[in-house]
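Read off the chains here:
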Amino acid sequence: MSKFAKNQWYAAAWLAELGNTLVARRILDEPVVLFRDSDGKVVALADRCPHRLVPLSMGTLVDRGIQCGYHGMVFDGAGRCAHIPGQDKIPPRAEVRSYPIAERYGIAWIWMGDAARADLTRLPVIDHYDDEGWELIDGGYQHHPSNYLNIVENLMDPAHTTFVHKMTIGNPAAKSEPVKMKKEDDYIVAFKWLFNSPPSPMDRQIKDFGDQSVDRGQFFYYYIPAVSRVDIITIPAGLEPTEENFNKGLRNNSYKFLTPETDGSTHFFWMHLRNYKIGDKEWSQRMRGLFEKTFLEDREIEMAMQRSQEELGVRQFVGLEIDRAPTVAIRMIDRLIKEEAKDSGKVAA
Amino acid sequence: MSKFAKNQWYAAAWLAELGNTLVARRILDEPVVLFRDSDGKVVALADRCPHRLVPLSMGTLVDRGIQCGYHGMVFDGAGRCAHIPGQDKIPPRAEVRSYPIAERYGIAWIWMGDAARADLTRLPVIDHYDDEGWELIDGGYQHHPSNYLNIVENLMDPAHTTFVHKMTIGNPAAKSEPVKMKKEDDYIVAFKWLFNSPPSPMDRQIKDFGDQSVDRGQFFYYYIPAVSRVDIITIPAGLEPTEENFNKGLRNNSYKFLTPETDGSTHFFWMHLRNYKIGDKEWSQRMRGLFEKTFLEDREIEMAMQRSQEELGVRQFVGLEIDRAPTVAIRMIDRLIKEEAKDSGKVAA
Amino acid sequence: MSKFAKNQWYAAAWLAELGNTLVARRILDEPVVLFRDSDGKVVALADRCPHRLVPLSMGTLVDRGIQCGYHGMVFDGAGRCAHIPGQDKIPPRAEVRSYPIAERYGIAWIWMGDAARADLTRLPVIDHYDDEGWELIDGGYQHHPSNYLNIVENLMDPAHTTFVHKMTIGNPAAKSEPVKMKKEDDYIVAFKWLFNSPPSPMDRQIKDFGDQSVDRGQFFYYYIPAVSRVDIITIPAGLEPTEENFNKGLRNNSYKFLTPETDGSTHFFWMHLRNYKIGDKEWSQRMRGLFEKTFLEDREIEMAMQRSQEELGVRQFVGLEIDRAPTVAIRMIDRLIKEEAKDSGKVAA
Chain R
-10 MSKFAKNQWY AAAWLAELGN TLVARRILDE PVVLFRDSDG KVVALADRCP
40 HRLVPLSMGT LVDRGIQCGY HGMVFDGAGR CAHIPGQDKI PPRAEVRSYP
90 IAERYGIAWI WMGDAARADL TRLPVIDHYD DEGWELIDGG YQHHPSNYLN
140 IVENLMDPAH TTFVHKMTIG NPAAKSEPVK MKKEDDYIVA FKWLFNSPPS
190 PMDRQIKDFG DQSVDRGQFF YYYIPAVSRV DIITIPAGLE PTEENFNKGL
240 RNNSYKFLTP ETDGSTHFFW MHLRNYKIGD KEWSQRMRGL FEKTFLEDRE
290 IEMAMQRSQE ELGVRQFVGL EIDRAPTVAI RMIDRLIKEE AKDSGKVAA
Chain Z
-10 MSKFAKNQWY AAAWLAELGN TLVARRILDE PVVLFRDSDG KVVALADRCP
40 HRLVPLSMGT LVDRGIQCGY HGMVFDGAGR CAHIPGQDKI PPRAEVRSYP
90 IAERYGIAWI WMGDAARADL TRLPVIDHYD DEGWELIDGG YQHHPSNYLN
140 IVENLMDPAH TTFVHKMTIG NPAAKSEPVK MKKEDDYIVA FKWLFNSPPS
190 PMDRQIKDFG DQSVDRGQFF YYYIPAVSRV DIITIPAGLE PTEENFNKGL
240 RNNSYKFLTP ETDGSTHFFW MHLRNYKIGD KEWSQRMRGL FEKTFLEDRE
290 IEMAMQRSQE ELGVRQFVGL EIDRAPTVAI RMIDRLIKEE AKDSGKVAA
Chain G
-10 MSKFAKNQWY AAAWLAELGN TLVARRILDE PVVLFRDSDG KVVALADRCP
40 HRLVPLSMGT LVDRGIQCGY HGMVFDGAGR CAHIPGQDKI PPRAEVRSYP
90 IAERYGIAWI WMGDAARADL TRLPVIDHYD DEGWELIDGG YQHHPSNYLN
140 IVENLMDPAH TTFVHKMTIG NPAAKSEPVK MKKEDDYIVA FKWLFNSPPS
190 PMDRQIKDFG DQSVDRGQFF YYYIPAVSRV DIITIPAGLE PTEENFNKGL
240 RNNSYKFLTP ETDGSTHFFW MHLRNYKIGD KEWSQRMRGL FEKTFLEDRE
290 IEMAMQRSQE ELGVRQFVGL EIDRAPTVAI RMIDRLIKEE AKDSGKVAA
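Residue numbers (the working numbering), protein chains in the order written: chain R, -10 to 338; chain Z, -10 to 338; chain G, -10 to 338.
Because the hints were derived from the structure by calculation, they are not lab data.
Quick caveat, the model's predicted, so the values are computed rather than measured.
Some clues are possibly wrong.
One copy or two, either will do: identical chains are not told apart, so a pair holds if it fits within one copy or between any two.
[As the list claims (entries may be wrong)] Taking lysine to aspartate or glutamate and the EDC-like style, the derived pairs with C-alpha atoms no more than 20 Å apart in a straight line are: (1) K266 - D116; (2) K(-8) - E300; (3) K78 - E310; (4) K237 - E299; (5) K78 - D312.
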């Protein structure tokens, strides 16, 4: 049984990374090379020439596809060999695996499982992307040397903010709020409200609230297997909590797309959408810096956990109340992987 | 069966290291964090939060103990959980192992085995520590990437001095002396006398011997499992070799406390006591430099041995006469470990 | 069965490396120390003192041989212990393995197998070495972190030149020529002729050909298990292709001596002989730089192959026509290793 759910879309690269270059990236522990074919379409191939196993990413982009840097074999975007220098006949095994790619939200999404099942309707949905009145920060990437489950747990757990992020977004004065939870088939959300409070210092920088009290909601969504969305809402105290009213307040949507690199490391892509300070690039720059620093604080913890888990072969010794939502999230992934394995029978890799 | 004798005191840290900080150190292949509790008492805990396995040493010192840097769980010096943010009930398994600590001779001694057997009467004894008329050099520490048995053998073997320490304390002109040996239950000493000789160049720097001949004794003590003491004595030739007379001559007591870090690396703590040049800090500084350099010469050899042993899976191919005392020392450790294993029955880790 | 053919001569070191020093080098995955004995003869010993396994190369050269840096044991060039400080009796096991060495062509050749079979008539033969009218570039060495079979294949395969060496010796305009092959018991040669063509740009730098057309031959010899010779000949078009005529044209003989260091790395020694620009040291320097750069281009590819092979446990997925000669070469090595194993029966290491 694979350690990963494979029949899923994972963020493989920012489209902006894929200009006139070859991008080599290990995804679900397989070496992949991404590039644009001569039509500008993003394609992804197994990053190994079938001849001598040299990574194709050491080669060059040519009209018909990618040319191996060792003996010049050319493979097209479908992984078919289009040319062998000095040889007319193309052997049947002269091919490399091609992975389905979808381009959306500025991201190349890859499908590492059964290509026949690649289903565009299952791509992640990012609300308000490209909407007027919403400002986007994108292109975020960090390499986190930790299993992606550790990152999922971290992102489903607001309790660590006070301790891990005291230098960035943590608020030591914040009184612990009870966290609630809602689970659907393909996602889970943990959330808490702070009612009728003064606005946060940062909210005051965004808008003049005067003496007005606010209700502040924090929603931690996790869509299996690889998308986290943190939705933070500040609305006037007492306003009915509807999606429409949320958009009238200050709203932050922070997305992370977690793509396992190996069993012990993760590609951490992130973007952020807000409904205020539209067009304010200076504010965006400042937020970007704050987010990067915050995620690096998490990274330190995640790395330490990874080392302990590798040494001990377990993930934890005692559970806490704050683990409820993360525990459900991990179980959802477990079930997904098991279902995939059952589904594909003995074919599962 | 453990590779190490566990029901023993090992040097864990210099007390001077333990101010207002957390000291993380792997000891007998277990991660340990040392700190002073609010009463100033040194305590040692397993360096892993039982919740998510993050090292507690990444956290902070608080009034009630140590606070995990991930979710703020607090553990007191006994390893009991004293606080969980946002949760009133402390689960029974929310605890970490606490190791007995004894503070003596400027050192925090740790007992890694069965806490119920931790016995202060079994602490190492350092003669003349704090005695008037004796000058101390302490605080010495080196990390030696070699199994501690290689270091024990080295310290029981004066024969290597001519070859390994030719740039420091070696004396190429020294004629080999027959080494004698005495074994007791818990220690062994190898020793040799050079009778009726001119004083060494260094002894002449310490004292004006005129034309006087001296007897020079070298005693290499090893107290299982982890203490080495080299006792070097220069007395007027012919003086009766009694403990009382030794103290009338020039006397150097060099102590090393070997604490296995892993199977292939060792914490090497050292101190030195002398009965001359009392209060002479400049001389102490010079000796400290000489010792550090000497121990680094041994370290090179020990590292090379470790690499060979790891590759070959053996410790030596042929024995020499000079191996007598080291061989007995190694056997004493072997027996100690076997007795511990038998003693603890199937519980032995 | 060994991974290597052992009853063979391998290049161990340049004689010029062996002055008044100890050269430590792992060969066929065994640690070896090379030095000149007091007669100036090169000797090779297992690089481990049999006492405590310290590498002898950490010791010093003395009159009677090599002295261990730990306790001063001295071993002569035959590996016999000649002296133990402080001990008169030499134990029978106080010896180290000695390897046969032959000095020829500026190289110390080592025989890692059964010493009784070391046969000087089986040393590699280098034509025109020391001949008048031939200019030598020698002393070349690179460390290639790849199994030597990958390097053998590379050296038997002219097809990669266009792609790997486009910055150095590759000629993108060169039309692919059919490669022919001839196999004998102990060598194989792949070769191709380009008939009646204009001289190459480099050939024009060497000699004024005027309007003359040339025939250009490239011969890729591989002598099992470890010698590659690339013989490149430029003669007037139509001249009969005889060895005598070859020497009348421009001729380059590029030798590589591949000595496995481990299963995944290789000592790459090289020398070059030419029959033009005799005594032109500036030209030699320029060629040396070009060769070094070219071999480093190959090294990049070889390293990448090694990593893929280690991950996948296979060497290739599909064969091409250009693999004919390399495949035969690899089979010749395989057979040699199998014959050695059969020959030595159960004694094979």
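Does the structure break any of the earlier hints, and which numbers would those be?
The structure conflicts with hint 4 only, although it agrees with all the remaining ones.
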